[in-house]
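Novice: Use these hints to put chain B onto chain A, whose structure you have.
2 protein chains.
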Amino acid sequence: MNPSVIREILKVTEKPGILSFAGGLPSPRTFPIEAFAAACATVLHTDGRAALQYAASEGYAPLREWVAADLGRQSALAGLPWHIDPAQVLITTGSQQALDLIAKILIDKDSKVLVETPTYLGALQAFTPMEPVFASVASDAEGIDVDDLSAKAAGARFLYVLPNFQNPTGHSMSEARRAALSAAAARLGVPIVEDNPYGDLWFDALPPPTLTARNPDGCIYMGSFSKTLAPGLRLGFLVAPKSIYSKLLQAKQAADLHTPSFNQRIVAEVLKDGFIERHVPTIRALYKSQRDAMLAALSREMPADVTWNTPDGGMFLWARLPEGMNAVALLPRAVEKNVAFVPGAAFYADNADPRCLRLSFVTASVEQINIGVAALAEAIRESRPILAGNEPATVEAA
Amino acid sequence: MNPSVIREILKVTEKPGILSFAGGLPSPRTFPIEAFAAACATVLHTDGRAALQYAASEGYAPLREWVAADLGRQSALAGLPWHIDPAQVLITTGSQQALDLIAKILIDKDSKVLVETPTYLGALQAFTPMEPVFASVASDAEGIDVDDLSAKAAGARFLYVLPNFQNPTGHSMSEARRAALSAAAARLGVPIVEDNPYGDLWFDALPPPTLTARNPDGCIYMGSFSKTLAPGLRLGFLVAPKSIYSKLLQAKQAADLHTPSFNQRIVAEVLKDGFIERHVPTIRALYKSQRDAMLAALSREMPADVTWNTPDGGMFLWARLPEGMNAVALLPRAVEKNVAFVPGAAFYADNADPRCLRLSFVTASVEQINIGVAALAEAIRESRPILAGNEPATVEAA
Chain A
0 MNPSVIREIL KVTEKPGILS FAGGLPSPRT FPIEAFAAAC ATVLHTDGRA
50 ALQYAASEGY APLREWVAAD LGRQSALAGL PWHIDPAQVL ITTGSQQALD
100 LIAKILIDKD SKVLVETPTY LGALQAFTPM EPVFASVASD AEGIDVDDLS
150 AKAAGARFLY VLPNFQNPTG HSMSEARRAA LSAAAARLGV PIVEDNPYGD
200 LWFDALPPPT LTARNPDGCI YMGSFSKTLA PGLRLGFLVA PKSIYSKLLQ
250 AKQAADLHTP SFNQRIVAEV LKDGFIERHV PTIRALYKSQ RDAMLAALSR
300 EMPADVTWNT PDGGMFLWAR LPEGMNAVAL LPRAVEKNVA FVPGAAFYAD
350 NADPRCLRLS FVTASVEQIN IGVAALAEAI RESRPILAGN EPATVEAA
Chain B
0 MNPSVIREIL KVTEKPGILS FAGGLPSPRT FPIEAFAAAC ATVLHTDGRA
50 ALQYAASEGY APLREWVAAD LGRQSALAGL PWHIDPAQVL ITTGSQQALD
100 LIAKILIDKD SKVLVETPTY LGALQAFTPM EPVFASVASD AEGIDVDDLS
150 AKAAGARFLY VLPNFQNPTG HSMSEARRAA LSAAAARLGV PIVEDNPYGD
200 LWFDALPPPT LTARNPDGCI YMGSFSKTLA PGLRLGFLVA PKSIYSKLLQ
250 AKQAADLHTP SFNQRIVAEV LKDGFIERHV PTIRALYKSQ RDAMLAALSR
300 EMPADVTWNT PDGGMFLWAR LPEGMNAVAL LPRAVEKNVA FVPGAAFYAD
350 NADPRCLRLS FVTASVEQIN IGVAALAEAI RESRPILAGN EPATVEAA
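In order, the protein sequences belong to chains A and B. Heads up, the first sequence stops at 397 in numbering that gives the first Met the number 0, and the numbers go up one at a time, no gaps. Heads up, the second sequence stops at 397 in numbering that gives the first Met the number 0, and the numbers go up one at a time, no gaps.
Hints listed in this document are in silico derivations from the structure and should not be mistaken for laboratory results. None of the values given here were measured: they were computed from a predicted structure. Some hints could be false.
[What the hints assert, rightly or not] The calculated lysine-lysine pairs, modelled on BS3-like cross-linking and capped at a C-alpha distance of 27 Å, are: (1) A:Lys10 with B:Lys246; (2) B:Lys108 with B:Lys241; (3) B:Lys14 with B:Lys336; (4) A:Lys241 with B:Lys336; (5) B:Lys246 with A:Lys111.
Okay, chain A solo, but in the shape it has when bound (with noise of 0.2 Å):
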């Protein structure tokens, strides 16, 4: 299942009056659209042509210092003290854009590179013109199987990994097993890349701490301004240590110069006297109720052998279709319906389980969940394979 096969499906999504639990798109309910409007006259009022003009690769200083100060915080508040210079920050054009430029630096023809089962679908499109062999390390609900990471180890360039709230399964890793990892990785060697793009969308509480903040010498650190304020302004960040960092900012300076300084200017603005200790309680407030209404959703809807998970945070959550089900096979039938979602089987290196889906609950209202979800379970009962029985709908019901 290649990218543009993806990118296939996903356009019969964009039909219109579509209800779609596809995208990984955050609430526009979310925007800060005043904010920003102010953020933007201010920018150009006071400091327009610097905002205009070239810049420097590593992003704007300001920007920098906040987001190792925000991060340590952070990561104070879970409990581990981490210290950042913001000389070992580098922005980003997304978060995505640091998956490009580490695939850059870290990958060679054939290189192993690790990652979940599954893992996020961008990051395998990022690294893959690179030409690495991917080697999917088994996974569960509490994270990465560190047994098996040991067993293939040997010659990795990198871990990656989405301790919180992963995309597409919307797991997190438990303490004990970020523990394990950290250990492991640190004792076999292996560098870890943490991409981090939802750990501020907890509902009832703060994810452990990371695995930077463990060994910040061995990972890498990702983050993202796309969640928590607007994912149409491009803005990420790394965190690498200084050993690497110029590495990546020549790969940075060679992909698209540096990010935009505008968009940079209008954040660092936006940021100013804690608007985020202020503004995302309201996103996870939000998203915490339509998970609920999701989860309810799925409870009254679906058919008895229909699995999924309750995530803590984030945006997703992973299902699982009946036994000899495909979730390729059930899209067209559940778009006929006017309800939309990714087949799991995007999200693999190799070896998809290809029951599973995500759902997003975030982009679609509570009332569109409800009727999203119905739409989904009908399409399930008509999509059932005959030899469940000739009366699916009832059966499974039951």
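Specialist: Positioned in the frame of chain A, the structure of chain B alone reads:
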């Protein structure tokens, strides 16, 4: 002379009070700040949620349509019809990113890539991660030497060329040379990557038609809003044959998902109602006056055996030091006198000419140009090899 050496050299040029002819920075006096402020307010007010959301990797449809129409209009003015389907336009995060995407889809390790002598440093940097072998094609003031191209074309993946007001030399390719090059490339089966960031900045006459308009199926065209509106928004574009568009799109999606939707909408808003046709002539007039000032200052101040060209547009002028001198060695002496430039050696894939240097005439004001050129001439006189005479300043001024 690798990129990090250049970055270190150029850091010196950031010292306060320095007169810089080094960077390729457009004059901030040309940035339409008021138009951007109005566009930000309009876009956020009327279309804020879409402007801040994730968007299609291809780019914002109205902007793609504008690019297709504008290139067609300009080509017609230059005397050659060129019909572009907006579906062939890919919006990029600055035209630097177009180089990165092209490298990813056209270059494998050890692929031969043909470049001008000298050529744009940023292109060499963008291509390098894919590990090509560069072949420098001999070039003169009229452009690429077509015979040398024929001799070196075998097996080449593409030829990278800047026909208008080239970076670094300021040279423009003549109509005769364009016709010969286009025919030769088609005959040899060598695709052309045509980079045209400066084409709108002509001083007295519209340049001859582009290479791409002569053979659209054999070329990828790259353009930019950095020189006509502002670089800090990072907005560029490419036009590709339909046969390879989907591969470029896939690389674009993997690189940063899409170019900031907000920036694309702002620029589409600014471009309404013929803004560019009113705005760009003011840039041309300013840059022409600054070129004239630099030419006059060079004539007035420089030793007789320093040479330079007279660019018909763009941002750069190419100068050459007297025999035995070296521009890299000159730079620290110039910086001591508060003037900076880029040593020409940075722009050669191989066999650099150590005597050349690139001077930008667009960033500094006329007053600064006069002071800076005098200081540079003084640094040259003081740095001449002793062999050239005991009283070099006097001898050379003769």
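Novice: Indicate, hint by hint, whether the structure satisfies it.
Specialist: Now for the hints, and whether the structure bears them out:
1. Our distance criterion of 27 Å between C-alpha atoms is met by A:Lys10 and B:Lys246, whose separation comes to about 17 Å.
2. With a CA separation close to 25 Å, the supplied pair B:Lys108 and B:Lys241 stays within the 27 Å bound.
3. About 12 Å separates the Cα atoms of B:Lys14 and B:Lys336, which keeps this hinted pair within 27 Å; it holds.
4. A hinted pair counts as satisfied when its Cα atoms are at most 27 Å apart, and A:Lys241 with B:Lys336 does not qualify at roughly 33 Å.
5. For the suggested pair B:Lys246 and A:Lys111, the alpha carbons sit about 24 Å apart, so the restraint of at most 27 Å is met.
Violation of the numbered hints given earlier is confined to hint 4; every other hint is satisfied by the structure.
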